[in-house]
Amino acid sequence: MESGGQKQTSSWRIALLALVFAAGVAVLGSGLYRVQVVQNPSFSRDQLRQSVRRVQEPGLRGRIFDRNGICLAENRASYCIAFYVEELRKRGPWIRTIDAVNTEIDRLAAVLGVPRVISVAAVSNHVINSRYMPLLAWRDVGQEILARWAETQEVFPGVDVYVQPERSYPQGALAAHVLGYVKRDMPLPLPGERVHFFLPEMFGANGVERQYNALLTGRSGGKLIRVDARGYKHAVYQGEEAVAGQDLHLTLDVRIQRTLEQALRGLRGAGVVLDPRNGEVLAMASAPAYDANAFAPYISTGLWRSLNTDPHLPLFNRALQGGYAPGSTFKPVTAIAALIHGAVEPETLHTCTGVFELGTMRLHCWNTYGHGAIALRKAIEQSCNSYFCHIGYTVGYEAIRTEAAKLGLGQPTGIDLPSENRGLLPTDEWKRKQLKDRWRPGDTCHIAIGQGLLITTPLQMALLTATFANYGKLCRPHVARHAPESVRDMGWPADALKWVRTGMRDVAELGTGRRVRVRGLEVAAKTGTAEFDAGGVRRKNTWVTAFAPFEQPTVAMAVMVEDGESGGLTVAPIVREVLVSIFGEAPPEDAAAEPAAMPDVRGD
Amino acid sequence: MLKQILLRFQRLNPLLLTCMIALIVIGVAFVYSACSIREDPELRMLYLRHAKIGCVGLVVYLALAACPFATLLHWRWVAYGACLVMLILVPFIGETTMGGRRWLFGIQPSEPAKVAIILVLAQLYGHPDAKRGVGAFLVTLLVVGIPAVLILLQPDLGTAMVLVPTVLAMLFAANVAPRWVWSCVLIGGVAVGLLLGMIYAAEKADLTPEKREALIAATHLKPHQVRRLQVFLFPDKDVLSSGYNRRQSEMAVGSGGMRGKGYLKGEQYMLGYLPPSVSSNDFIFAVLAEEAGFVGSLTVLLLFLGLFWSGLWVAGRSQDNAGRLFCVGVISLLFSHMFINIAMTIGMMPITGLPLPFISYGRSFMLSMMAALGGVQSVSIHGRESGIRF
Chain A
1 MESGGQKQTS SWRIALLALV FAAGVAVLGS GLYRVQVVQN PSFSRDQLRQ
51 SVRRVQEPGL RGRIFDRNGI CLAENRASYC IAFYVEELRK RGPWIRTIDA
101 VNTEIDRLAA VLGVPRVISV AAVSNHVINS RYMPLLAWRD VGQEILARWA
151 ETQEVFPGVD VYVQPERSYP QGALAAHVLG YVKRDMPLPL PGERVHFFLP
201 EMFGANGVER QYNALLTGRS GGKLIRVDAR GYKHAVYQGE EAVAGQDLHL
251 TLDVRIQRTL EQALRGLRGA GVVLDPRNGE VLAMASAPAY DANAFAPYIS
301 TGLWRSLNTD PHLPLFNRAL QGGYAPGSTF KPVTAIAALI HGAVEPETLH
351 TCTGVFELGT MRLHCWNTYG HGAIALRKAI EQSCNSYFCH IGYTVGYEAI
401 RTEAAKLGLG QPTGIDLPSE NRGLLPTDEW KRKQLKDRWR PGDTCHIAIG
451 QGLLITTPLQ MALLTATFAN YGKLCRPHVA RHAPESVRDM GWPADALKWV
501 RTGMRDVAEL GTGRRVRVRG LEVAAKTGTA EFDAGGVRRK NTWVTAFAPF
551 EQPTVAMAVM VEDGESGGLT VAPIVREVLV SIFGEAPPED AAAEPAAMPD
601 VRGD
Chain B
605 MLKQILLRFQ RLNPLLLTCM IALIVIGVAF VYSACSIRED PELRMLYLRH
655 AKIGCVGLVV YLALAACPFA TLLHWRWVAY GACLVMLILV PFIGETTMGG
705 RRWLFGIQPS EPAKVAIILV LAQLYGHPDA KRGVGAFLVT LLVVGIPAVL
755 ILLQPDLGTA MVLVPTVLAM LFAANVAPRW VWSCVLIGGV AVGLLLGMIY
805 AAEKADLTPE KREALIAATH LKPHQVRRLQ VFLFPDKDVL SSGYNRRQSE
855 MAVGSGGMRG KGYLKGEQYM LGYLPPSVSS NDFIFAVLAE EAGFVGSLTV
905 LLLFLGLFWS GLWVAGRSQD NAGRLFCVGV ISLLFSHMFI NIAMTIGMMP
955 ITGLPLPFIS YGRSFMLSMM AALGGVQSVS IHGRESGIRF
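Those protein sequences? They're chains A and B, same order as listed.
For the first sequence, my numbering assigns the number 1 to the initial residue and increments by one for each residue that follows.
For the second sequence, my numbering assigns the number 605 to the initial residue and increments by one for each residue that follows.
Isolated chain A, as found in the complex (with noise of 0.2 angstroms):
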């Protein structure tokens, strides 16, 4: 065979490599098929992933004003340069990249003539991380370096202006606590998709801009970047729209708002004022405040340490997270329980001598002398402690805890803002558990004149003042228009509720509130002096509550001041202030109506 005795090359030889090549082409044709036909879908969602990065963008927020219209938080055009790092891209690894960005920005920095702010890190960051946004280098910039940035005779390549929207308060301070402020940090992706860049966002920190984040925020859009194997960008497409948040609606209204904010300047208080029918909230002021603006876009870090430091903290809520003792202000809800329980009957005499006595305790009413033989609306109106010593300690604890609990004591009022503070409405278990100790008469006593273990907000007093301004019927409180309105009735009987509410309009005709009185009003209020040991030092937290006008009150409020002399004498002007900013004063009818000094009003 080796000789090669044929001299012709057999066909079926060349039959077999036809063969063999056909099989080759069956081959790659079948393993073509796998690849293009049967991998299609996982090969092209490889090479989408690959090349196509999403740069989220969000909607603008939503505005906020207040029940007529005036705007209380708005977007403004911050004007800020921008490098676009794609422009000023280098070949090769990145930190030549972020070299070149680096250069720019000092090189701008000099001729601006502005100090760089942004670091080196951050610069790094943004290249690696957010490379398709632009880089803020300089935010929020003034006339005077835009001007210069435009008359800048050297070429800045891939330098631009770049308006972004930043959150803006028209008016100030004015109810910052409700309003909050907002923050930047970087947003969350939105559900099922991979962001691959975007820049800090919005968020509400506090306040209704995080109450109602959701809805001020709207909906971020995308933008899908397709990008070659370097990192370019190669093409653009729109995804989804951004939507813009919605514009929010308060309740508050910005004249009473103000009133009450100046009323309290220089203080430490709060007040809130509520419209009894519904439970919208007109004004809810806390001082000292802060002013918002502050916070964007970003706040400087020795603004915020101040802020957290200040001993007087004025970035506290005190009308909705701080906790006091309501003294005197309390009484209204002995009284009313006291009625309902059949404790007392509402003419029947006590006798005041200056101090109630409960076997080893005594306890000084305000009136060292004593009240005398007192009634229960001559009692509301001199606020006598031994009066309502005494009826609470014959109603009984549970009785008033019971009404207390119905008005929303100890518990969230359910407000729509963040961060409420409960307060305390102290039972004999808690008392057990918390304090090691049994639930004694003295106890009752101290609760029956808003004193002791009791710890209310501004906010809850406003709403129980409201809720007897309102014969009864409690009234959810809320600052958003569209917030759902919900009403729970108390179920008090009629004659009850007049006796504790004519006791109040007493108060504020006759009684320790007549510094609340206004012209051609029917007003209706408490005092209260809630005095602590704070530390061995006494200290005093005055408040008035009211409501007017008295037969159809359609305004109620609780207005604190810590520190202070006496409600009276302290916070009864500022509740005057804010009524008359509300129903106006009508004039003197005749000068010799008006008394020519007003009595010394004392105690509360």
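Careful, some of the hints might be misleading.
[To be verified] With a cut-off of at most 20 angstroms between alpha-carbon atoms, the simulated EDC-like pairs for lysine to aspartate or glutamate come out as follows:
{"no.": "1", "chain 1": "A", "residue 1": "K233", "chain 2": "B", "residue 2": "E643"}
{"no.": "2", "chain 1": "A", "residue 1": "K431", "chain 2": "A", "residue 2": "D443"}
{"no.": "3", "chain 1": "A", "residue 1": "K540", "chain 2": "A", "residue 2": "D506"}
{"no.": "4", "chain 1": "A", "residue 1": "K540", "chain 2": "A", "residue 2": "E509"}
{"no.": "5", "chain 1": "A", "residue 1": "K90", "chain 2": "B", "residue 2": "E643"}
{"no.": "6", "chain 1": "B", "residue 1": "K869", "chain 2": "A", "residue 2": "D106"}
{"no.": "7", "chain 1": "A", "residue 1": "K183", "chain 2": "A", "residue 2": "D106"}
{"no.": "8", "chain 1": "A", "residue 1": "K473", "chain 2": "A", "residue 2": "D489"}
{"no.": "9", "chain 1": "A", "residue 1": "K233", "chain 2": "A", "residue 2": "D291"}
{"no.": "10", "chain 1": "B", "residue 1": "K865", "chain 2": "A", "residue 2": "D228"}
{"no.": "11", "chain 1": "A", "residue 1": "K233", "chain 2": "A", "residue 2": "D140"}
{"no.": "12", "chain 1": "A", "residue 1": "K233", "chain 2": "A", "residue 2": "D489"}
{"no.": "13", "chain 1": "A", "residue 1": "K183", "chain 2": "A", "residue 2": "D140"}
{"no.": "14", "chain 1": "A", "residue 1": "K90", "chain 2": "A", "residue 2": "E74"}
{"no.": "15", "chain 1": "A", "residue 1": "K540", "chain 2": "A", "residue 2": "E551"}
{"no.": "16", "chain 1": "A", "residue 1": "K473", "chain 2": "A", "residue 2": "E562"}
{"no.": "17", "chain 1": "B", "residue 1": "K869", "chain 2": "A", "residue 2": "D46"}
{"no.": "18", "chain 1": "B", "residue 1": "K865", "chain 2": "A", "residue 2": "D185"}
Worth flagging that the hints you see were computed from the coordinates, not collected in a lab.
Here the structure is a predicted model, which means the values were calculated and not measured.
We have chain A already, so just place chain B on it with the hints.
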């Protein structure tokens, strides 16, 4: 005279010519596509050069087809010698591009050398007094070995390797020293298996780094060759560096789907994921498969099959034994190129820098292959008994 020539051209194999021209036209179209994104205008015009070389090639093709095959055989040693001289000169005065010194005055001598080797072997086994014993086998080793070693030194492993199946097919067709040939195939197969096994073991087994190094070193392969084999065995390894081209070409082919993305709409090369340096030559099939889909790649496969079958048909019909073997050699060479190129594009074989005949841009290769097919047509025209009309 003219009439005589025209009469000769009547006996051209039409399918062989049609398939080749169709593949060249497809080549021009996809070289245009693959280079359409290049910034250098000269590179963007590459398709024109591809078309031009196709035209020049066609003239050469027809000229060689018109020549009697015996004349071509007569000049075999001149062609072989010229190629050898050029291959020897390459290391001294050649131009260096992309990691290898392969060019001499703008041509790659290794490409015509392949055809010259086939021509020499065809006459060696096919002349009437041919000895087909061990002596012929040893002469084969010499004839193939000298240029192969020179090509390996360039270094161009792919071109040297592609000679192996080509020569084996010719040895098989001519039935030269079958025991020796089969033994060599067996030994070669075992050697390749051993090599792959060593690289596989080095990667998988729990070896100390020193032992792993020793095992890799024992393969006597260059580091980039080891990496290519590793990528072939472990596709997911190193997708960003050595496995990058393989991964991206597979993604291009795979994302093409049944119908493809449309002409000039291939995203992989347009976005530069398929490196532009390879998309017009070694990886042109990835561009084609992405844009024309499975339908397009199947069309190309069938055109190649038509080319192979018509070439072998010419071989089978020829009365001239050397002509038969020449056809077998040329078709085997084309098949090896096509198979290795497409298989590496879809990850069925390790990456080797072999072009796809007629479609990849590459002037020396294109001209050499067209000249070789011109020789096949010469066999078709002159290799049959006169008077037999096809």
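Outcome of the hint check:
1. K233/A to E643/B: Distance ~16 angstroms between K233/A and E643/B Cα, so the pair holds.
2. K431/A to D443/A: Holds. K431/A to D443/A sits at ~10 angstroms (cutoff 20 angstroms).
3. K540/A to D506/A: 24 angstroms, violated
4. K540/A to E509/A: 24 angstroms, violated
5. K90/A to E643/B: Given pair K90/A, E643/B holds - Cα atoms ~17 angstroms apart, limit 20 angstroms.
6. K869/B to D106/A: 42 angstroms, violated
7. K183/A to D106/A: 28 angstroms, violated
8. K473/A to D489/A: 4 angstroms, holds
9. K233/A to D291/A: 41 angstroms, violated
10. K865/B to D228/A: Holds, because 17 angstroms separates the two Cα atoms, which is no more than 20 angstroms.
11. K233/A to D140/A: It is violated: about 27 angstroms lies between the C-alpha atoms, which goes past 20 angstroms.
12. K233/A to D489/A: 65 angstroms, violated
13. K183/A to D140/A: 15 angstroms, holds
14. K90/A to E74/A: Violated, at about 40 angstroms.
15. K540/A to E551/A: 32 angstroms, violated
16. K473/A to E562/A: Cα-Cα ~30 angstroms, so violated.
17. K869/B to D46/A: 17 angstroms, holds
18. K865/B to D185/A: 41 angstroms, violated
The structure is inconsistent with the numbered hints 3, 4, 6, 7, 9, 11, 12, 14, 15, 16, 18, although it conforms to all the rest.
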